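There are 2 protein chains.
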Amino acid sequence: MEKFELHILGCGSALPTTRHFPTSQVLNVRDKLFMIDCGEGAQLQFRKSKLKFSRLNHIFISHLHGDHCFGLPGLISTLNLLGRTAELHIHSPQGLEVLLRPVLDFFNRQMTYQVVYHPFDTHQPALIYEDRSITVTTIPLRHRMPTCGFLFSEKPRPNHILREMIDFYQVPVCELNRIKNGADFVTPDGEVVSNSRLTCPADPPRRYAYCSDTLPLASVARQVQGVDLLFHEATFADEDAPRAKETFHTTAVQAAVLAREGGVKRLLIGHFSARYEDENLLLEQACEVFPATLLAKEGLSVSV
Amino acid sequence: MEKFELHILGCGSALPTTRHFPTSQVLNVRDKLFMIDCGEGAQLQFRKSKLKFSRLNHIFISHLHGDHCFGLPGLISTLNLLGRTAELHIHSPQGLEVLLRPVLDFFNRQMTYQVVYHPFDTHQPALIYEDRSITVTTIPLRHRMPTCGFLFSEKPRPNHILREMIDFYQVPVCELNRIKNGADFVTPDGEVVSNSRLTCPADPPRRYAYCSDTLPLASVARQVQGVDLLFHEATFADEDAPRAKETFHTTAVQAAVLAREGGVKRLLIGHFSARYEDENLLLEQACEVFPATLLAKEGLSVSV
Chain A
521 MEKFELHILG CGSALPTTRH FPTSQVLNVR DKLFMIDCGE GAQLQFRKSK
571 LKFSRLNHIF ISHLHGDHCF GLPGLISTLN LLGRTAELHI HSPQGLEVLL
621 RPVLDFFNRQ MTYQVVYHPF DTHQPALIYE DRSITVTTIP LRHRMPTCGF
671 LFSEKPRPNH ILREMIDFYQ VPVCELNRIK NGADFVTPDG EVVSNSRLTC
721 PADPPRRYAY CSDTLPLASV ARQVQGVDLL FHEATFADED APRAKETFHT
771 TAVQAAVLAR EGGVKRLLIG HFSARYEDEN LLLEQACEVF PATLLAKEGL
821 SVSV
Chain B
521 MEKFELHILG CGSALPTTRH FPTSQVLNVR DKLFMIDCGE GAQLQFRKSK
571 LKFSRLNHIF ISHLHGDHCF GLPGLISTLN LLGRTAELHI HSPQGLEVLL
621 RPVLDFFNRQ MTYQVVYHPF DTHQPALIYE DRSITVTTIP LRHRMPTCGF
671 LFSEKPRPNH ILREMIDFYQ VPVCELNRIK NGADFVTPDG EVVSNSRLTC
721 PADPPRRYAY CSDTLPLASV ARQVQGVDLL FHEATFADED APRAKETFHT
771 TAVQAAVLAR EGGVKRLLIG HFSARYEDEN LLLEQACEVF PATLLAKEGL
821 SVSV
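In order, the protein sequence lines correspond to chains A and B.
Residues 521 to 824 (my numbering) are what the first sequence spells out, left to right.
Residues 521 to 824 (my numbering) are what the second sequence spells out, left to right.
The set of hints was computed from the structure by calculation and includes no laboratory data.
Since we're looking at a predicted model, the values are computed, not measured.
Incorrect hints may appear among the rest.
Since the list gives no way to pick out one identical chain from another, each pair is judged satisfied if it fits inside one copy or across any two copies.
[As the list claims (entries may be wrong)] Capping the alpha-carbon separation at 35 angstroms, the derived lysine-lysine pairs in DSBU-like fashion look like this:
1. Lys765 with Lys570
2. Lys817 with Lys568
3. Lys675 with Lys523
4. Lys817 with Lys785
5. Lys572 with Lys700
6. Lys765 with Lys700
7. Lys700 with Lys817
8. Lys785 with Lys765
9. Lys765 with Lys572
10. Lys700 with Lys568
11. Lys572 with Lys675
12. Lys570 with Lys817
13. Lys675 with Lys785
14. Lys552 with Lys570
15. Lys568 with Lys552
16. Lys817 with Lys572
17. Lys552 with Lys785
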């Protein structure tokens, strides 16, 4: 299976603790790296995780709260010091460029590369990135300011060729692409060899959904239906549900209910409030509703 | 002895490594905390060091390079989340406010306290802070932009009263302050008791000097003459002296020579380039010239 791996750089919330960095993650899709949120210290954690800066071309920012983007000036300046030349693309709600540009202009007198800003609308799901292997779609969330999550979907891939059958029927090379894409093969004698005898199905496309910060939303459960992995914020424990509602956050139980309703394969919870000494409490509460729940942790990597 | 203690939050330079945070320190003077530089992640390291945010009222920024101040937005926002009401004073070269204010205004819709900016001139040593127990004076440095170090000096303190002698001569309470400040005591019989019989000298005032980033300067050696502790950047090893000169930095050996010329009691080196896997190389080079050299390290605290 090709790489589709999530790395947790930080999973705390706004107040620093001795155990957590603020929010940042990296999704590794076949050695292309996609950063999701960039809290303070993200570049330090990135370095620790042994990921390669040169593989990072796109950063997705969920919303403009400091604990989700204060790591950008440092990261961008470091890439400049390293002499990067490739464009760096930042996808975020409207407003980031006007804040960030003067800071970058001052602190990086000579930029060796260009930062390209891609503001997105936060009201409707929208395709904001696409390449040969994946698409990224926004997931509208509901927080104290315009916020979106992100759905990373692998594109379906052509069937695998069964080499021994290809040899057996002496299929010419020029036919291979058609066969990968589902065509049957007709031998010089006119015999039709059905595609299913020549190929086996590719691995099913995988999907990862990231949702933070937000109230729990039924629309999210629908949009992330059946994903392989859902990261959902679980800032608070069940007993602090009123506080969660007041601050437009989610409890561990609410995240688990959403995961169950969405029929996702696994749930990863994070964005923990500083008030909990031990987040296993949150894990236990979530697992009672949705047993396939994991606890985020700095340095954790999860194969999607 | 009253507290005069230095805490290292970060001692790396601009490029992140797996071992170092960018520059930040806290000087604890009798439980008042003074932050010196505020690189990315300073608030996280501050929290780890178990220092109290509420004791921090003054931040001194040596120069406006990102690795010395990108931690400010996060720290200031955290203090706001914590509901701080006391003013926070930031002393720095000209230009910080215009960069920082729009960021803080956007990310902290309602500030619970005021940030007060105190720009200082970087050409001449200047007294920029004073309270009952200490003064802070700038140390002009030479880097790629306006930069100053800081000299923290305890004020001389009144002599200690010798309680048994005060009792013996039946000195009235109203005389005590005069005696602490050096006056003799005249008994009702007209006998003059000299001050030296009634008091012993207070602990000598202590001094801490912070110098980063800079070329090695003779003027610094003069200004820090005899300090108890000198922190001096030692970004490079001896073999990289040309690179140090080119980037306006100092080598470990140059820092040690400066410490020797300044007759300081102890030298602490830091601001290590990311190129060295093990900074003991820098320590060894410095110790050959100035044996009383220490290596900075995250989490280190040194009593001045």
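A quick look at each hint next to the structure:
Taking the shortest alpha-carbon separations for Lys765 and Lys570, only the inter-copy value of 31 angstroms comes in at or below 35 angstroms, while the best intra-copy value is 38 angstroms. In this homomeric assembly, Lys817 and Lys568 come within 35 angstroms of each other (Cα to Cα) both inside a single copy, at 14 angstroms, and across copies, at 17 angstroms. Within a single copy, Lys675 and Lys523 get their C-alpha atoms as close as 14 angstroms, which meets the 35 angstroms cut-off; across copies the closest is 62 angstroms, which misses it. Within a single copy, Lys817 and Lys785 get their C-alpha atoms as close as 19 angstroms, which meets the 35 angstroms cut-off; across copies the closest is 44 angstroms, which misses it.
Taking the closest pair of Cα atoms, Lys572 and Lys700 come within 35 angstroms of each other only inside a single copy of the chain (33 angstroms); across copies the shortest separation is 64 angstroms, beyond that limit. Proximity of Lys765 to Lys700 under the C-alpha cut-off of 35 angstroms is found in neither arrangement, the shortest distances being 50 angstroms within a copy and 60 angstroms between copies. For the homomeric pair Lys700 and Lys817, neither the shortest alpha-carbon distance inside one copy (40 angstroms) nor that between copies (57 angstroms) is at most 35 angstroms. In this homomeric assembly, Lys785 and Lys765 come within 35 angstroms of each other (Cα to Cα) only inside a single copy, at 26 angstroms, whereas the closest approach across copies is 57 angstroms.
Proximity of Lys765 to Lys572 under the C-alpha cut-off of 35 angstroms is restricted to the inter-copy arrangement: shortest distance 30 angstroms between copies versus 39 angstroms within a copy. Taking the shortest alpha-carbon separations for Lys700 and Lys568, neither the intra-copy value of 40 angstroms nor the inter-copy value of 56 angstroms comes in at or below 35 angstroms. In this homomeric assembly, Lys572 and Lys675 come within 35 angstroms of each other (Cα to Cα) only inside a single copy, at 24 angstroms, whereas the closest approach across copies is 51 angstroms. Proximity of Lys570 to Lys817 under the C-alpha cut-off of 35 angstroms is found in both arrangements, the shortest distances being 16 angstroms within a copy and 22 angstroms between copies.
Taking identical chains as interchangeable, the C-alpha atoms of Lys675 and Lys785 lie at most 35 angstroms apart only when both belong to the same chain, with a minimum of 18 angstroms there against 66 angstroms between chains. For the identical chains of this complex, Lys552 and Lys570 are intra-copy neighbours only, at 14 angstroms inside a copy versus 39 angstroms across copies, given an alpha-carbon limit of 35 angstroms. Within a single copy, Lys568 and Lys552 get their C-alpha atoms as close as 18 angstroms, and across copies as close as 33 angstroms, so both meet the 35 angstroms cut-off. For the identical chains of this complex, Lys817 and Lys572 are neighbours both inside a copy (20 angstroms) and across copies (25 angstroms), given an alpha-carbon limit of 35 angstroms.
When the C-alpha separation of Lys552 and Lys785 is checked against a cutoff of 35 angstroms, the pair qualifies only within one copy, where the shortest distance is 24 angstroms, while the shortest distance between copies is 52 angstroms.
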